[in-house]
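Engineer: Same order as they appear, the protein sequences are chains A and B.
All the letters of the first sequence, read from the start, carry residue numbers 1 to 156 under UniProt numbering.
All the letters of the second sequence, read from the start, carry residue numbers 1 to 270 under UniProt numbering.
Just so you know, not all the hints are guaranteed correct.
Below, simulated EDC-like cross-link-like pairs (lysine to aspartate or glutamate); rule was C-alpha separation at most 16 Å, straight line [stated by the list, open to error]:
| id | chain 1 | residue 1 | chain 2 | residue 2 |
| --- | --- | --- | --- | --- |
| 1 | A | Lys38 | B | Asp65 |
| 2 | B | Lys66 | A | Glu35 |
| 3 | B | Lys86 | A | Glu34 |
Label-pair ranges, simulated between beta-carbon atoms [stated by the list, open to error]:
| id | chain 1 | residue 1 | chain 2 | residue 2 | range |
| --- | --- | --- | --- | --- | --- |
| 4 | B | Trp240 | A | Asn52 | 52 to 62 Å |
| 5 | A | Leu12 | B | Trp240 | 25 to 35 Å |
| 6 | B | Tyr31 | A | Pro27 | 40 to 50 Å |
| 7 | A | Asn52 | B | Leu72 | 28 to 38 Å |
| 8 | A | Leu44 | B | Gln161 | 30 to 40 Å |
By construction, these hints were calculated from the structure, which means they are not laboratory data.
Note that CB positions come from ideal geometry on N, CA and C, so glycine has one too.
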Amino acid sequence: MQPNASLFGQALVFAILVLFTWKFIWPPLIAALEERAKRIADGLSAADKAKNDLELVEKRIAEELRKAKTQAAEIIAQAEKRAAQIVDEAKDEGRAAGEREKAAAQAEIEQQAHHAREELRQQVSLLAIAGAEKILRKEIDSSRHADLLASLKSEL
Amino acid sequence: MSAEQHAPSATEYIQHHLINLSSPQTTGGAYNFWTFHLDTFWVALILGFVFVALFGLVARRVSVDKPTKFQLFIELIVELVDNHVKEIFHGKSKLIAPLALTVFVWIVLMNAMDFLPVDLLPLLGQKVGLHYLRVVPTADINQGLAMSLSVIILSILLGIQAKGAGGFIKEFFTAPFHAEGMGMKIVLMPVNAAMQCIEYGSRGLSLALRLVGNMFAGELVFMLIALLPWWGQLIPGSAWAIFHILIVVLQAYIFMMLTIVYCSLAVEEH
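Pulled out of the complex, with its shape left as it was, chain A reads as follows (with noise of 0.2 Å):
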């Protein structure tokens, strides 16, 4: 179990050994090992942001679904409130023609009744002078009396 000359032979086997590695081993493995370490993070990375971008996309897509809920909800009240309105009109229009034509109507009745009275009027009137003047013929001349009559006349 003595050192020998043998030493010498080992340390060079080993040193040979060591830059051998040092030089074409050691650097692509680890440069390979970083790369792949890079590109796990890298991925990962990427993964959260993009379940960052997710979350804000889904964030997004909620306020624009409640905006326009909302919207649409604001134009179904107005298109309610329009609607009412337009019924209301029409209501009101119908009611006004319903109006003018019982005015009109009922001017035309009351026209017409007051014709036929006026009628009925000058009928009597002439009736009662044709019944007065049966009776006077009688007793009353009729030229003297006509302004009697006349003034009778008027009076019915």
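Following the hints, complete the assembly by docking chain B onto the known chain A.
Structural biologist: Just chain B now, kept in the frame of chain A:
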């Protein structure tokens, strides 16, 4: 080789297994520094090529989007090492992580040679004329020391790079014991220098011995189990192999962690 004449005794068997294929071949006689362990060298080199080939292939065809299962397995190891380095080492050097990866995988592969049946490669070696063969490079003190000393020298260089030569030398003489007065500072200088030497020395030695001791002991236990009669080997052999899986990975892991720690200690201010 004595095995051809008579069956080796237990001691002979183990002693034979503990002799490296070296140049010039020694058989455990007189100590000669200028021997070279061919088995340690070649097995370590081949396993180094296996490591470089596997990881290099994956590194060349690395795909970010469609990794193969094997790439994911390699990435698992790379990421483990990278995380530890990022946690412990706060210096600028880009060398520590590849160093730690090399240390970990290479040691795991070398330790795993223990899982081959203890006699398999030596027997095959005998067929091609290799009379001695130890197949676990990390059970050889040279392998452990070569790596630990390289790490310690590298940590010193990193310290010089981080603090400058002046800063490093200043720290060498003023830490771990700090003094206020000039006189005390001078008195503490040799103490500090001695402490620093002991610190670096013990780091290197403990780093190497921990690994080599564990693997040597593991190998020895496998040899002892191999000495049992054939019907008695299965259960202790399996049990020790399963337990050894833990040791193989754990020792490599400890070596890697301590490598990172020592390098980070070197660049940090005291």
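Engineer: Please go over all the hints and tell whether each is borne out by the structure.
Structural biologist: Quick rundown of the hints versus the structure:
1. Annotation: proposed proximity of A:Lys38 to B:Asp65 holds, straight-line Cα distance about 12 Å (limit 16 Å).
2. Of the supplied pair hints, the one linking B:Lys66 and A:Glu35 holds, its CA atoms being roughly 13 Å apart against a limit of 16 Å.
3. Straight-line distance between C-alpha atoms of B:Lys86 and A:Glu34 comes to about 13 Å, which keeps the hinted pair within the 16 Å bound.
4. Checked against the hint of 52 to 62 Å, the C-beta distance between B:Trp240 and A:Asn52 comes to roughly 59 Å, which is consistent with it.
5. For A:Leu12 and B:Trp240, the Cβ-Cβ distance of about 33 Å falls inside the hinted range of 25 to 35 Å, so the restraint holds.
6. Checking the proposed 40 to 50 Å range against B:Tyr31 and A:Pro27 shows it holds: the Cβ atoms sit about 44 Å from each other.
7. Between A:Asn52 and B:Leu72 the CB atoms are about 32 Å apart, so this pair conforms to the stated range of 28 to 38 Å.
8. For A:Leu44 and B:Gln161, the Cβ-Cβ distance of about 38 Å falls inside the hinted range of 30 to 40 Å, so the restraint holds.
Of the numbered hints listed earlier, not one is contradicted by the structure.
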